[in-house]
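Residue numbers (UniProt numbering): 1 to 471.
What the hints contain is simulated information worked out from the structure, not anything from laboratory work. Just so it is clear, CB atoms sit at the ideal spot from N, CA and C, and this is done for glycine as well. Mixed in with the good hints, there may be bad ones.
[Stated by the list, open to error] Here are the in silico distance ranges between beta carbons for each label pair:
| hint | residue 1 | residue 2 | range |
| --- | --- | --- | --- |
| 1 | E358 | E467 | 32 to 40 Å |
| 2 | R254 | N318 | 50 to 58 Å |
| 3 | E373 | K279 | 37 to 45 Å |
| 4 | S202 | G321 | 12 to 20 Å |
| 5 | R254 | K153 | 19 to 27 Å |
| 6 | K185 | N452 | 44 to 52 Å |
| 7 | E358 | T324 | 24 to 32 Å |
| 8 | L220 | A366 | 24 to 32 Å |
| 9 | E311 | K336 | 24 to 32 Å |
| 10 | E392 | N152 | 46 to 54 Å |
| 11 | A183 | A365 | 25 to 33 Å |
[What the hints assert, rightly or not] In silico lysine-lysine, DSS-like type, Cα no more than 25 Å apart, as pairs:
| hint | residue 1 | residue 2 |
| --- | --- | --- |
| 12 | K290 | K92 |
| 13 | K290 | K226 |
| 14 | K227 | K153 |
| 15 | K92 | K179 |
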Amino acid sequence: MATDSWALAVDEQEAAAESLSNLHLKEEKIKPDANGNLKTNVISFKDRAAQSLLNKLIRSNLVDNTNQVEVLQRDPNSPLYSVKSFEELRLKPQLLQGVYAMGFNRPSKIQENALPLMLAEPPQNLIAQSQSGTGKTAAFVLAMLSQVEPTNKYPQCLCLSPTYELALQTGKVIEQMGKFYPALKLAYAVRGNKLERGQKISEQIVIGTPGTVLDWCSKLKFIDPKKIKVFVLDEADVMIATQGHQDQSIRIQRMLPRNCQMLLFSATFEDSVWKFAQKVVPDPNVIKLKREEETLDTIKQYYVLCSSRDEKFQALCNLYGAITIAQAMIFCHTRKTASWLAAELSKEGHQVALLSGEMMVEQRAAVIERFREGKEKVLVTTNVCARGIDVEQVSVVINFDLPVDKDGNPDNETYLHRIGRTGRFGKRGLAVNMVDSKHSMNILNRIQEHFNKKIERLDTDDLDEIEKIAN
DNA sequence: AAAAAAT
Numbered sequence: 001m002a003t004d005s006w007a008l009a010v011d012e013q014e015a016a017a018e019s020l021s022n023l024h025l026k027e028e029k030i031k032p033d034a035n036g037n038l039k040t041n042v043i044s045f046k047d048r049a050a051q052s053l054l055n056k057l058i059r060s061n062l063v064d065n066t067n068q069v070e071v072l073q074r075d076p077n078s079p080l081y082s083v084k085s086f087e088e089l090r091l092k093p094q095l096l097q098g099v100y101a102m103g104f105n106r107p108s109k110i111q112e113n114a115l116p117l118m119l120a121e122p123p124q125n126l127i128a129q130s131q132s133g134t135g136k137t138a139a140f141v142l143a144m145l146s147q148v149e150p151t152n153k154y155p156q157c158l159c160l161s162p163t164y165e166l167a168l169q170t171g172k173v174i175e176q177m178g179k180f181y182p183a184l185k186l187a188y189a190v191r192g193n194k195l196e197r198g199q200k201i202s203e204q205i206v207i208g209t210p211g212t213v214l215d216w217c218s219k220l221k222f223i224d225p226k227k228i229k230v231f232v233l234d235e236a237d238v239m240i241a242t243q244g245h246q247d248q249s250i251r252i253q254r255m256l257p258r259n260c261q262m263l264l265f266s267a268t269f270e271d272s273v274w275k276f277a278q279k280v281v282p283d284p285n286v287i288k289l290k291r292e293e294e295t296l297d298t299i300k301q302y303y304v305l306c307s308s309r310d311e312k313f314q315a316l317c318n319l320y321g322a323i324t325i326a327q328a329m330i331f332c333h334t335r336k337t338a339s340w341l342a343a344e345l346s347k348e349g350h351q352v353a354l355l356s357g358e359m360m361v362e363q364r365a366a367v368i369e370r371f372r373e374g375k376e377k378v379l380v381t382t383n384v385c386a387r388g389i390d391v392e393q394v395s396v397v398i399n400f401d402l403p404v405d406k407d408g409n410p411d412n413e414t415y416l417h418r419i420g421r422t423g424r425f426g427k428r429g430l431a432v433n434m435v436d437s438k439h440s441m442n443i444l445n446r447i448q449e450h451f452n453k454k455i456e457r458l459d460t461d462d463l464d465e466i467e468k469i470a471n
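All chains should be built: construct the whole structure from the sequences, respecting the hints.
Right, here's the structure in full:
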């Protein structure tokens, strides 16, 4: 019996290897490795049939899909190529120096494939999807820095972020990587950064949030959008989702010249957003890095069953000791709940920090800085911090309220983004969901079904169990 | 509901 199925598998493998190598655009053929697995890093598909064949093979475990990168090229006839080192990219020396100064030795999986496309002549448009912590930011920062001409004193690269905190974080990467360009300057187009009227800005790179950038480009004319060469949308799915910053992002995009390079990056793309992205970006190249399952594998997910908000609060207090071993983020649905929770926790003598959009930007910058430095162990926040915020010591994410969209349906994307704040760089992480009603239990079940990953019950009165999860 | 915003 066992022999039979093995024989069948070999048969299938041979057939699969043959069909795949026929469809493969690269010269190198896919061959089974010593264990008989078909391994491949880069695959371009001629058509749908090829893609569905590969998906079938992955499902039947005939192809190893760890770190698999899928690339759909705008011009399928041009050779598809990836780089294994930064030297191969022929970057300007100052830029290469910046890359190494940041401690990057070799390109990450997404960078191997995205960089050659982004740096090609003429510039190529790109829609890229890859998990957080895989080097997206560095990838598009590199693309911007390699196109910028520091001697020209006007904005040439424009990057949009969905939140103030993320703009600051990405700005830091730009500053670090570009520090060997003596004349290079970066401007932050964010709320509260007020400039004199009639002024034109001389910074070559602008990073900002949609509203302010739009004002700077249109009404206030601080930026001449016609001179932008590279346009980056970070967390692109929020930026172009109807419920997100779609209006402003699209209005900005329309002001850019036709030959402006467009780069869209996100960890998740819901179907409708994905379709929209391909409509908005002319002739896009598409890169997807499939690692969703791997991320969820390194994060243990639990839920705590309560019957009211106060019970959730009590359960949280029981957990407090365990979560402060490293750093933790606690997510609430509204700003009001967040500030209430932060105040209640303080009353109980637990030190926590609060961050939400209703606070002043200066205060927000100070809080995120303290959290980054580890001076604050626990951050109570809203969806403002659900995406992209990168603090390595975060090992616990608590959903005090489960993520739901405006219709009250489970928001799977946000769930994945939130718990993705932990378990970064392959580290282990812990996610605890607070359930306080039949309704929220139903939402949790639907999230569980969506990701097909068991979320286990946790009893916060059982100290042994808390001890267990904390270690 | 949150975020963005020189409204």
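Return holds or violated for the Cβ distance of L220 and A366 against the range 24 to 32 Å.
27 Å, holds
Look at the Cβ atoms of E392 and N152 and judge whether their distance stays inside 46 to 54 Å.
36 Å, violated
Below or equal to 25 Å on CA atoms is what counts here, so check K290 against K226.
Given that 25 Å is the threshold and the Cα spacing comes to 36 Å, the pair is violated.
If you check the beta carbons of S202 and G321, does the distance land in 12 to 20 Å?
The hinted range 12 to 20 Å is violated for S202 and G321, with Cβ atoms some 52 Å apart.
Are the Cα atoms of K227 and K153 separated by 25 Å or less?
11 Å, holds
Regarding E358 and E467, is the given constraint of 32 to 40 Å on their beta-carbon distance met?
37 Å, holds
Tell me if the beta carbons of E311 and K336 are separated by a distance inside 24 to 32 Å.
With Cβ atoms ~19 Å apart, the hint is violated.
Lying within 50 to 58 Å: is that true of the beta-carbon distance R254 to N318?
Given range 50 to 58 Å: holds, Cβ gap about 52 Å.
Range first: 24 to 32 Å. Now tell me if the beta carbons of E358 and T324 are that far apart.
26 Å, holds
Is the distance from the Cβ of A183 to the Cβ of A365 consistent with 25 to 33 Å?
Holds: the Cβ-Cβ distance is about 26 Å, inside 25 to 33 Å.
Is it true that R254 and K153 lie within 19 to 27 Å of each other by Cβ?
25 Å, holds
Straight-line Cα separation of K92 and K179 no greater than 25 Å?
13 Å, holds
Against the hints set out earlier in the document, violations occur for numbers 4, 9, 10, 12, 13.
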